[in-house]
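**Q** Read off the chains here:
There are 2 protein chains.
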Amino acid sequence: MFEEGARLKAIHGADNVFDFSLGNPDIEPPEAFKQQLREVAENPEPGLHAYMPNTGYARTRQAVAEFLTREQETEITENEVIMTCGAAGGLNIILKAVLDPGDEVITPAPYFVEYGFYADNHGGKLVAVPTRPDFTLDIGAIETAVTEKTRAVIINSPNNPTGQVYSEENLRDLGKVLSEKSRAHGRTIYLISDEPYRKIVYDDIRVPSVFSCYADSAVATSYSKDLSVPGERIGFAAVNPAALGKQKLLEAMALANRILGFVNAPALMQRVVTGLQGIHVAIPEYDRKRRLLCDGLAERGYSFTRPAGAFYLFPQAPVKDDVAFVQALQEELILAVPGSGFGAPGYFRLSYCVPDKTITAAMPGFEQAMEKFR
Amino acid sequence: MFEEGARLKAIHGADNVFDFSLGNPDIEPPEAFKQQLREVAENPEPGLHAYMPNTGYARTRQAVAEFLTREQETEITENEVIMTCGAAGGLNIILKAVLDPGDEVITPAPYFVEYGFYADNHGGKLVAVPTRPDFTLDIGAIETAVTEKTRAVIINSPNNPTGQVYSEENLRDLGKVLSEKSRAHGRTIYLISDEPYRKIVYDDIRVPSVFSCYADSAVATSYSKDLSVPGERIGFAAVNPAALGKQKLLEAMALANRILGFVNAPALMQRVVTGLQGIHVAIPEYDRKRRLLCDGLAERGYSFTRPAGAFYLFPQAPVKDDVAFVQALQEELILAVPGSGFGAPGYFRLSYCVPDKTITAAMPGFEQAMEKFR
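Going line by line, the protein sequences match chains U and C.
Taken in order, the first sequence gives residues 8 to 381; the numbers are from our numbering.
Taken in order, the second sequence gives residues 8 to 381; the numbers are from our numbering.
Do not rely on the hints blindly, as some may be mistaken.
Identical copies carry no separate label here, and so any pair may be met within one copy or between two of them.
Computed list of lysine-lysine pairs in BS3-like fashion (alpha-carbon distance at most 30 Å, straight line) [claimed, not checked]:
{"no.": "1", "residue 1": "Lys255", "residue 2": "Lys132"}
{"no.": "2", "residue 1": "Lys183", "residue 2": "Lys16"}
{"no.": "3", "residue 1": "Lys41", "residue 2": "Lys156"}
{"no.": "4", "residue 1": "Lys253", "residue 2": "Lys16"}
Derived from the structure by calculation, the hints contain no laboratory data.
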């Protein structure tokens, strides 16, 4: 998509192409981030860029653990935290640690397309199960999908691509089913929570703690969206202190961090984020864009579930063939991603981490495309 | 080793433990690096920390390609370069791109222990073949080891752990054998050159170009040792412009960079290294340490091949059991790595990227340990 956007912008001019295809934050990092970076760059301690243990700096992990203790409502120490190359790195080290060849990984659809690759990287197989019409977890569907080969369930809340946030009740129900099924099959099913959008939520919604809802759980997340630094590949993975075989799991993850070639999360960025726990970009900025886009599309007859978090909208295409509709949008120089790319045909994804004027200026195009299929 | 070193230092005091176990450069980054970092941090362009194409910034890849054209004596463009999370990231994306399950990857022993994991990550199997007594390539041994399952050969020159640098003749002979065997088996055997120590060579030795010696080749390297920044995970992979199916290979590598969870090399560090092509730490510093260690150990009766590059010495243990000898060294508070960890029992590795005084102060301990086995 990156390259296709660049191509169209080269032909038509950047202002005439409305690129809603990428989750690349357009808000600049918070001042606190820039200041931390300047301070570290101006006063480089000896060994600032050297190797450290594969799990990351103890001081950084302590800061993360302290913050996470509040966020996950569970006492977490630095021993349960591993600094990673973004959430993608975190998910891969968790999957490498828990999967045996042929193991199944369940995820609710629509889902982030990379999960299929991540499972496959480590010999696993992704099994997508439908969500309810409002994109919340369909516990019955997950229960039915569990087999004796199921080793993990990946959830992503706030969700990419739907913007849905799972409620505590929804997560507790999931935890109950996973406990029962783990017992029934005599093997632990891990719940892996991919949470890079946790800080980006609207209308005072609270994202519940996964650790409180299920013991055998792990979190993977990043500072990419909190601090608008996705190119820096800095994040972490954390294991629930109550998880069975926690120590072995953490050791396997640390080894995976090393042998998959990450080695460690980038040193400088570890130092920078240490003092930035809980800091994030101004959410009202994204909220304003969300309202602009939702209101504009609703007026033009689009149907969608209003996102509670993240910066994605996942409307229904006015025709069954979402790829055809995305092509119709592209004729209006609007770039979107077909829902089939997320295991949900009939929908399309719009990222609204774009300038306000991209949203307003694209409205005639959205209207035109809708007209074509009326 | 990292943790064991820390433990012993906590007990005996940092000055009384002689840690030769880690390849963690003790020389600080060059002033030019620090200055570039300050400049980028002080004048952050918009989007400085955003996503870019998975292959990296075009400007960075252009700078790398220009430098590499001279170094590899082959016209290289930015299209043949992918920025990676260090050489480890580079090796993993190359292996992910070329290996099918069950494929064999040959490497001359002693070898960097991670190669076994890297091959295994992607369904491959590492096959170690002996080198000649002076640790140069034994072409006959490699020829014999090639089977119809061989997909790649990984070499590392200057070598970790031996410090050996392969001559142009040695590489040309290897190229000839790989061409013949690729033809005979009707499948390309890739030569993967892991070159993070290329800039660290002594006595005016020139490291020959692998690209000139064999067409189906790729290089993985990093700035970790050039700039003393191993914690930052910044490097690149490059494919020989003459390689068969070059375009497909590069596309597979770019996809691998994304789906293995690296996504892209850290953004800030890509910007920083752009203007630092060919810059490296002062080699005479390492040369002085090399001489100190070699002279000191020679005086005390140790046998070894004098390293031509890198910052490792790989002496013979005075007994067959290298693990026992490393334990004897540890009783003298000297930390080393047994050769068996590199597929070469009977030897041990010393990293001399340590303060001079660590080398001189460890000499009585080296003497004591040697005495025990006389």
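**Q** Cα distance capped at 30 Å. Does Lys255 pair with Lys132 within a copy, between copies, both, or neither?
**A** Both: 23 Å inside a copy, 25 Å across copies.
**Q** Up to 30 Å between alpha-carbons, please classify Lys41 paired with Lys156: within, between, both or neither.
**A** neither (46 Å within a copy, 51 Å between copies)
**Q** How would you classify Lys183 and Lys16 at a CA-CA limit of 30 Å: within, between, both, or neither?
**A** neither (50 Å within a copy, 47 Å between copies)
**Q** Is the C-alpha distance from Lys253 to Lys16 at most 30 Å within one copy, between copies, in both cases, or in neither?
**A** Between. Shortest inter-copy distance 28 Å satisfies the 30 Å Cα cut-off; intra-copy 49 Å does not.
Against the hints set out earlier in the document, violations occur for numbers 2 and 3.
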